[in-house]
Amino acid sequence: MSPKLLPRSVVDIAASVRGGEVSAESITQASLDAVAARDGQLGGFLSVAPDLALQRARDIDLRRERGESLGPLAGVPIALKDALCTKDQPTTSGSKILTQGIDQQGRAIDPWRPPYDATVVARLRAADAVFIGKSNLDEFAMGSSNENSAFRLARNPWNLDRTPGGSSGGSAVAVAGRMTAGALGSDTGGSVRQPAALTGTVGVKPSYGRVSRYGLIAFASSLDQVGPITHDVASSAAMLQIIAGADPADGTTTHHRVGAYREACSRGVAGMRIGVPAEYFAEGLDDEVAAQVRRAIGALEENGASISNIELPHTRHAVATYYILATAECSSNLSRFDGVRFGHRAHGSQTLREVYETTRGGGFGPEVKRRIMLGTYVLSAGYYDAYYRRAQQVRTLIRRDFEHAFQSVDLIATPVSPTVAFPLGSKLDDPLAMYLADVYTLPASLAGIAAISVPCGLGSASGLPVGLQIIAPSFAEEQMFQAAQVVEDTAPDREVIPQACQS
Amino acid sequence: MPSSSPIDRDLVLHIARLARLKLEENEVDTMTRQLGAIVDYMADLQQVDVQGVEATAHVQLDRLQLRDDTPQDSLARQSVMAQAPEAEDGAFVVPPFVDES
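Protein chains in written order, with my numbering: chain A, 563 to 1065; chain B, 32 to 132.
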């Protein structure tokens, strides 16, 4: 194990910086050095801000020397998914349309610089976190492999020929590649949980309304939530603690009490009722994934949880439901990218309609176009009732499945992804195959409830990380963290270092 | 499996017009094939009994709280206009879209 690797724990880093045992500057420098050493290969970042980060770290150190109190995330190096607005800093959402083009190194030329910060960004900053850069993603968060980034491929630190997952692939790479201690991603249908599972990191999809979406470039507004990716459960709890809570700038945030997430982690699972849905262990689930997930569920039982079989009968309709509703919302949300107010405008257009059509036709990549087309289709006259309305009704049935299940269990345990990280390029020509792999993460998104992916060991055949998903009722994140911590504490292979970090 | 969906080339071009999306000639066939496969799969929902089931547009609508209607500063106009492809006198500039001839 290399002694130079960045410490894993957000909690430990903040404690050492606050206690003066280590400077924020040295931690920031270690993070920047790791990016310089590894990110050329890993592709986790779309932009890095070394000067800003170091300046910020020195300011934190100075304030500590002066005896001022520091925030709970003091000096913690963080990667921000590039779908999050950062004031005056490059923000692309992985799309060419928010730039003036792409240079030969795959970098954005003159990208959009938002006039404001996302609420989650402002909150992390107020907690004295240090932003290292903006992480790679599938264009507009649409994808499950990060291969839809307009700029560069992201690679899995465990095996460079495999995907890190998506859409928050870069955020997971930043953490798994030991370049930052934490990251923010956004999860619409699994975009935090799946990359976390595929890279051996922890990823949280908070309950809908728990975290502000203000300044998150919208994909599907009724589903999008921002969540942390970290090495361990306590670190995710610490980050959620900061970003959770009502925000006047996002009317869908809830005033429901924010829990004590860090404290919850140490409470154990004695007496907790955990349901295991048969529908999540059906055809298509790889044996090596099933084996580790079942082992982890057994560990929960050994630690005092009672495990029971439950039914979530509408699970198999989640993919169709999600890809109708999410694309409908995306076709509406992405109409704002029209070449008028920000980003790229196609040259040579004579009419406003031409400006719209050529800017969008040239600015969006294939997957974004497919989803806009699908969403426009399901909303169009003559098809609305057959697709969109029906999908909203099935969404109700999926919600009811969970409501029913949560009458007899406190939490639900499932796999996150049916397979470990798949080879880059293997699903590129088959968008439907890519969608079908989201089947275990979509239902919780449609129901708006909380879920976390926790590493539960390496697959016996592939040696690649497997994630266990804990699903909790709305705003029951505390119980979710209780169980997640037990999964982490009992997981094998915790000290294995990803291939890319070994040299 | 032959596509049973109504997606054909003309429909793809029609949707692209609705979506204000210019598709290159070589994109149209791929889009037709891929959308066809996806829409075929969506037919999955036709077998679900949704009789009398209300629609979920949003999981949060029943628990929203309104904030006070207090005037606040908005973003500075200049900082917003600075990012526009073309702006003049505090306004976005676009090609003419009303035919006055």
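There could be a bad hint or two in this list.
Here are the computed lysine to aspartate or glutamate pairs in the EDC-like style, where the Cα-Cα straight-line distance is at most 20 Å [as the list claims (entries may be wrong)]:
no., chain 1, residue 1, chain 2, residue 2
1, A, 649, A, 672
2, B, 53, B, 41
3, B, 53, A, 900
4, A, 649, A, 595
5, A, 649, A, 916
6, A, 649, B, 41
7, A, 649, A, 630
8, A, 649, A, 627
9, A, 566, A, 583
10, B, 53, B, 39
11, B, 53, A, 916
12, A, 989, A, 723
13, A, 989, B, 71
14, A, 989, B, 58
15, A, 566, A, 900
These stretches of chain B come out as covered by chain A in the derived footprint (C-beta under 8 Å, 3 or more residues) [what the hints assert, rightly or not]:
no., segment
16, 39-51
17, 62-73
18, 79-86
Interface residues of chain A toward chain B, partial, derived using beta-carbon atoms under 10 Å [claimed, not checked]:
no., residue
19, 850
20, 988
21, 989
22, 997
Because the hints were derived from the structure by calculation, they are not lab data.
Where is the CB? At the ideal position from N, CA and C, for every residue including glycine.
(request) May I ask which of the numbered hints given earlier this structure violates, with the numbers listed in increasing order? (result) 4, 5, 6, 7, 8, 15, 19, 20 and 21
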